[in-house]
Amino acid sequence: MNPINWLIVIGWLVYVVGYGIRRSRGTTDMDAYLRASRSLPWWAVGLSVMATQLSAVTMIGTTGQGATDGMRFIQFYFGLPVAMVILGVTLVPFLHGSGVYTAYEYLERRFDAKTRSLTAFLFLISRGMSCGTIIAAPAVVFSAIFGWPISWSVALIGAPAILYTIIGGVAATTWVDVKQMYLIIGALVAVVISLVVQIPASPIEALHVAGEAGRLRVFDFSPSLNNTYTFWSGLIGGTFLMLSYFGTDQSQVQRYLAAKSVDEARTSLLISAYWKIPLQALVLLVGILVFVFYQYHKQPLLFNPAQERAVRAAFPSEYANLEARFDSSRVLFERESLRGEALSMAARVTHETVKDVNYVIPRFVRDHLPVGLAGIFIAAVIAAAMNAISGELNSLSTTTTIDFYRRWIRSEGPDAHFLAVSRTATGLWGIFACVVATYAVNLGSLIEVVNKYGSFFYGSILGVFLLAMVPRAKATAAFIGLLVGMTAVYSVWHWAPQVSYLWYNVVGATTVFIVGGALSLFGGSGSPSKTPSLRHPERSEGSALRA
Amino acid sequence: MSEESNARFRRTLFRVMSVQVITLLLLWLLQQTFTR
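Going line by line, the protein sequences match chains A and B. Quick note: the first sequence uses our numbering, first residue 1, plus one each step. Quick note: the second sequence uses our numbering, first residue 1001, plus one each step.
Any given hint could turn out to be false.
Where chain B lies over chain A, by a calculated footprint (3+ residues, C-beta under 8 Å) [what the hints assert, rightly or not]:
# : segment
1 : 79 to 88
2 : 118 to 131
3 : 195 to 201
4 : 212 to 225
By construction, these hints were calculated from the structure, which means they are not laboratory data. For every residue, glycine included, the Cβ atom is placed at its ideal position computed from N, Cα and C.
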């Protein structure tokens, strides 16, 4: 790679860290650190909400998915606008108006401490490991593409984000997110333009090539529960997933709790709903155009250079033969079959299942993007990772400080003490994420297991918040419902593994709601609610809508 | 919530859902035009 590209990457990182530290002036108390003293305008919060979700996995993995599978993945987001509207009318006004720092803090007011602690604990486990995965995914790819040790990649991606997040808290991370979103969108548009220029066919012809290969098939209306991405799983399962993610996951809740007012908090969510599907279409389009590019230029048989070297060394003549057949073939089905054979060879060398979807775009960037633009795209990938990391670190620190330290260890103390605890928690979670990321290659399937466990929890936690809207729902019933919900999801995963994971959220949420509701109705006495339900807020301190 | 903020919310909501519908229609058009 040309040194100019690295100059751009390093220059951007230095600028962003400096900007983040500058925006942290005024972060002198816990409220400023954890909620930016509720000073953030709707458009900054909206961009930050989008940025927190748009990680490097999107820039590398989703673009790669566009290249290998086409547009179908966009169906995953069909439920997002629906979920944002529902949240804007229900949970957001209530949480913002109730003065809580975390979504789980509210659960103790509504139900009891054990429900709060269990949901907060599930959040810490799933987000903590997820933070490591967000660093690991691009780090592993960068290491393979550029030949670096994993630890260098982890440091390049993790260290800057951890630094400005520790110093500046929510305010710093939000304003940095805004800057980085401009870079990300600009980089995606620039790459699309570069691809259109480099493909020796008109844009219409290029779309025909993509369409012939099935890459522009967007909608799948089949009712099958087994197909991962269908219109129905995206709209229904996706709505439940997005309700849970944006309504109950602290990494998103924290964004809109920092908005200036309830009105601006609601608007920020709607703004992110505005642009999510078009933005994802742009991301997938990059991948689709890379696919078209390789119909006119020599395509690597294996996109991961490290795997390619290993397979060439282990099976030199076999691989060379396969490569010659691949280069001479003009039939898409045959080429994909030959790629499958190459991936099988790689599996024999590495002794594990091999996919190289995540290497399609980085390999293209390294080999074919003009000098300068390659640096901008790499900076954008790192920016996307940093946005997600900083948002997750904010939320991990807040939940650790508010839901555990202040709740169970020390409830009273000077504000400076809790500010120091929050900063320390940020640093420790950052180190934890980097350690997980560094050993991610060895953890391998454990990362996959952890991600699957995340999908066990989301729907069930949403179910608890849905129960909170029912005035007669009782604390113990909600807690038992939560346990039964997670068990139900586990059962589906174990006994019906062919069911798409997007349906897990529906299973979890409905099970918790039904079981918790039934126990509340028929189960006798439970802890009386200390606070009115979500649906019936009253004007009392720390609750209700402040119109 | 004030009537003004509710009205603003409804206006933003209308714009958001319009953009989603237009985007879905464009994606449908893309599929129908370029896919057999």
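_I'd like to know which numbered hints this structure contradicts. Please list them from smallest to largest._
Structure breaks hints 2, 3.
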